[in-house]
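The chain contents come next:
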Amino acid sequence: MSTVAASAAPRPLALGRARWVGFKTIIIREFHRIIRIWSQTILPSAVTATLYFVIFGSVIGQRIGSMGGFGYMMYIAPGLIMQAVINNSYTNVVSSFFGAKFGKHIEELLVSPLPSWLIVSGYVAGGVLRGAMVGLAVTAVALFFTHLPVEHPLIIAAAAVLTSVTFSLGGFLNAMFAKNFDQVSIIPTFLLAPLTYLGGVFYSISRLPGWAQHLSLVDPILYMVNAFRFGFLGVSDVGVGEAFAIMLIAVAGLYSAAVVLMERGAGIRE
Amino acid sequence: MNALSVRGLTKTYRNGVQALKGIDLSVEQGDFFALLGPNGAGKTTLIGIVTSLVRKSGGEASIFGYDIDRELEAAKSCIGVVPQEINFNLFETPETIVVNQAGFYGIPRPVARERAQKYLKQLQLWDKRNHASRGLSGGMKRRLMIARALMHEPRLLILDEPTAGVDIEIRRSMWDFLREINRNGTTIILTTHYLEEAETLCRNIAIIDGGRIIERDRMSNLLRRLHTETLVLTPTRPLMEAPRLEGYPARLIDEHTLEVEVSKDQNLNDLFARLSALGIEVLSLRNKVNRLEEIFMRLVERGAAA
Ligand SMILES: Nc1ncnc2c1ncn2[C@@H]1O[C@H](COP(=O)(O)OP(=O)(O)OP(=O)(O)O)[C@@H](O)[C@H]1O
Ligand SMILES: [Mg+2]
Numbered sequence: 057m058s059t060v061a062a063s064a065a066p067r068p069l070a071l072g073r074a075r076w077v078g079f080k081t082i083i084i085r086e087f088h089r090i091i092r093i094w095s096q097t098i099l100p101s102a103v104t105a106t107l108y109f110v111i112f113g114s115v116i117g118q119r120i121g122s123m124g125g126f127g128y129m130m131y132i133a134p135g136l137i138m139q140a141v142i143n144n145s146y147t148n149v150v151s152s153f154f155g156a157k158f159g160k161h162i163e164e165l166l167v168s169p170l171p172s173w174l175i176v177s178g179y180v181a182g183g184v185l186r187g188a189m190v191g192l193a194v195t196a197v198a199l200f201f202t203h204l205p206v207e208h209p210l211i212i213a214a215a216a217v218l219t220s221v222t223f224s225l226g227g228f229l230n231a232m233f234a235k236n237f238d239q240v241s242i243i244p245t246f247l248l249a250p251l252t253y254l255g256g257v258f259y260s261i262s263r264l265p266g267w268a269q270h271l272s273l274v275d276p277i278l279y280m281v282n283a284f285r286f287g288f289l290g291v292s293d294v295g296v297g298e299a300f301a302i303m304l305i306a307v308a309g310l311y312s313a314a315v316v317l318m319e320r321g322a323g324i325r326e
Numbered sequence: 064m065n066a067l068s069v070r071g072l073t074k075t076y077r078n079g080v081q082a083l084k085g086i087d088l089s090v091e092q093g094d095f096f097a098l099l100g101p102n103g104a105g106k107t108t109l110i111g112i113v114t115s116l117v118r119k120s121g122g123e124a125s126i127f128g129y130d131i132d133r134e135l136e137a138a139k140s141c142i143g144v145v146p147q148e149i150n151f152n153l154f155e156t157p158e159t160i161v162v163n164q165a166g167f168y169g170i171p172r173p174v175a176r177e178r179a180q181k182y183l184k185q186l187q188l189w190d191k192r193n194h195a196s197r198g199l200s201g202g203m204k205r206r207l208m209i210a211r212a213l214m215h216e217p218r219l220l221i222l223d224e225p226t227a228g229v230d231i232e233i234r235r236s237m238w239d240f241l242r243e244i245n246r247n248g249t250t251i252i253l254t255t256h257y258l259e260e261a262e263t264l265c266r267n268i269a270i271i272d273g274g275r276i277i278e279r280d281r282m283s284n285l286l287r288r289l290h291t292e293t294l295v296l297t298p299t300r301p302l303m304e305a306p307r308l309e310g311y312p313a314r315l316i317d318e319h320t321l322e323v324e325v326s327k328d329q330n331l332n333d334l335f336a337r338l339s340a341l342g343i344e345v346l347s348l349r350n351k352v353n354r355l356e357e358i359f360m361r362l363v364e365r366g367a368a369a
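Protein chains in written order, with the numbering used here: chain D, 57 to 326; chain F, 64 to 369.
It cannot be assumed that every hint is accurate.
Unchecked claim - Sample of chain D residues at the chain F side, in silico, Cβ under 8 Å: (1) Leu69; (2) Arg73; (3) Ala74; (4) Arg75; (5) Gly78; (6) Gly159; (7) Glu163; (8) Glu164; (9) Leu165; (10) Leu166; (11) Val167; (12) Pro169; (13) Pro171; (14) Ser172; (15) Gly321; (16) Arg325.
Stated by the list, open to error - In silico DSS-like pairs for lysine-lysine, Cα to Cα no more than 27 Å straight-line: (17) D:Lys160 / D:Lys80; (18) D:Lys157 / F:Lys191; (19) F:Lys184 / D:Lys160.
Note that these hints are calculated values from the structure, not bench results. Source: prediction; values computed, not measured. We treat Cβ as the ideally placed atom computed from N, Cα and C, and that holds for glycine.
Extracted from the complex, chain F is given alone in its bound form:
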């Protein structure tokens, strides 16, 4: 069963911008799915169509088999959405906001109150439940939108950059929280510009660029496709020029930073043997960027060139 299935989806905004140029995408029930792409790629537009905030120009979309043209009410009841931008009433309190949202999904008030307590506590907002929400910090506002999206316990949770502007500690606790929800059976679609986040959380991935899907694969397959990695080495003594290491392109960034490209079939012992032979001792070693980021950049650059 597909949680989300989209065929030939197009969107042209009134100002003539063609935001989606024919999107085909399906997300399996139970998946934790990353929807990635540079700014303006069309991610929010796609989510907008699925959640009926944006009218599509063409194509089809269905949620758990419910077509958004024919069975909109059923389709909508399956989705919880955390939008990219703050969209609650800043004069209302967090508790009112989440309880009312549950009401809009038909959940009676007593049940909604219990759930409000559960989710506001889980998202560490319970202490703030009676404060006007305009007084919440940016990170708290995002968490409030997550609590709100969960109130009707949706089968599909769509998060549009939920961790933007959230500090590292909270972000990690949000990751644990989302993993837990996903383990309990909720399908999750996540967009983010923190690729480390996508790499850690998601099992499947689509990359969208210029309104088209340019990649759709399992996360593990995609990462395996990366043939070379860039390592950043810190030598014990300052270097004057990049050493010549046969088979390993090297660049000196500054006298304490050496970048070396290593392909998948090469091994590090060999690299270190060569460095030792040149009398270079290595103090520390790290990956230049995370692996997904590297693939992402290549794919998107290729897309831009085409």
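This is chain D alone, in the form it adopts within the complex:
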């Protein structure tokens, strides 16, 4: 009798602990991957950001003058940080997960007892980790060129994390459907890049003609960049509450889709 109780009682706790260890292991593995190939994961965004600051900030920015009431360099800094977060979160998950599919080591996770939602969460955490690492690197670069006020630190953190999660999930879904390496790079190049550039990284949409402003409002990245910028500078082209609502909906929708597809084994289980 007592043995039954003893073996039955700690199970949920033990299960929770085992899952936590599994989740941490995925993150540790992603961290090692980011470090192992740092010249592909960390460096490019830092270099790009430096170039943007030099060219747009120093050279061209002088002519532009102020934007939204701030020096141009200060105005674009949050946008450039966000751009790095978006790219790196997406790229990390899409290439790591597709690589695991391609090299078959995704099977290490598939045969393990970890549930689908935890595998998705682990990869997403890896994407957020890289987003944060690169985001901080770009912030450090930015601080070389400009002072950056911090109006609402919690909004900065929340916008960065939600955006990072959104694009990590996007990368995860991309990797599930991708059949080859071309299909891994097609979305970042043809969808992500234009949406980022048109998403108010470099300008306030109030400078655009009316029709272009309306068009910009369908670009989700506009909301993310502006919420993030609001955290630093206290100005935004869109409602911040609206921006967070959009991010939360995106996260919930993409996460559900990723877990359902993972559970079905789309593209990974025969």
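With the hints as your guide, set chain F with the ligands onto chain D.
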């Protein structure tokens, strides 16, 4: 208690290939079980379903009583699998690979590190623990997958051709190693195309062909069923034609090689008496193929004819 129990399992791949056509199979806890069959028979598919790499089309499977549809997590924690094809990250080191795998099964890192040392040493990979695994030889890669499968000390170890491409010396040490693990209570299911390996290691056997189980028996029973054996004799002097040995069909392969079929109720003294009477002296004698191989060929050929 059954380590593995499978009922009416079917699998049709998306391209229409019917890989499993209704498999019923159970493997007792503690068994050392051989799953044999020709290429394309469905062995890897069956293992894939049990380890949830392949989705089944129909039927049921359970591991130590845990149904893979209802208690998948519990079922999976009982299994360690060594796949047929290399499936670790070639850019990671052996130690990282096995420690992470343990982590996926919920084993904390300090414990995982200790076990990594134990199993990498036992599989003679400890010296290579910090090298990128793409630099391992084929045999080392297989051993790494065995170490990885053991990290969570599974109750059921499934090995899909673990000794393919492994040299004889290592293969024998792997046999000793697997026997030891089995003695310590781990149930083992092994697929292999080296029938000598199955005959030496396994107590029970199933033969699968064309997606169906065509034989399931104790190894000893199966071997006993073989009624005739083919002996290969080397005469001291070259022969010109096959000698006529009453009751013993004989074939001359070349002038130094004579094959004679002997059934179980005949005795060798009688055969040798007949050879002596014809003035043929025998220099050496061996079995043509190992016994399991002979049965296997007959069963599979019969399956193909049907
Ligand atoms: N992913 C797949 N898609 C389509 N058909 C497949 C797939 N995998 C296996 N098959 C087919 O299913 C059948 C069984 O294959 P399986 O790999 O299970 O055989 P096996 O017994 O493991 O063979 P081998 O001894 O060569 O490893 C074969 O006809 C094979 O071509
Ligand atoms: Mg196979």
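Okay, the hints, checked on the actual structure:
no.: 1; hint: Leu69; in the structure: violated (12 Å)
no.: 2; hint: Arg73; in the structure: holds (7 Å)
no.: 3; hint: Ala74; in the structure: holds (2 Å)
no.: 4; hint: Arg75; in the structure: holds (7 Å)
no.: 5; hint: Gly78; in the structure: holds (5 Å)
no.: 6; hint: Gly159; in the structure: holds (6 Å)
no.: 7; hint: Glu163; in the structure: holds (5 Å)
no.: 8; hint: Glu164; in the structure: holds (6 Å)
no.: 9; hint: Leu165; in the structure: holds (6 Å)
no.: 10; hint: Leu166; in the structure: holds (6 Å)
no.: 11; hint: Val167; in the structure: holds (5 Å)
no.: 12; hint: Pro169; in the structure: holds (4 Å)
no.: 13; hint: Pro171; in the structure: holds (7 Å)
no.: 14; hint: Ser172; in the structure: violated (10 Å)
no.: 15; hint: Gly321; in the structure: holds (6 Å)
no.: 16; hint: Arg325; in the structure: holds (5 Å)
no.: 17; hint: D:Lys160 / D:Lys80; in the structure: holds (21 Å)
no.: 18; hint: D:Lys157 / F:Lys191; in the structure: holds (25 Å)
no.: 19; hint: F:Lys184 / D:Lys160; in the structure: holds (25 Å)
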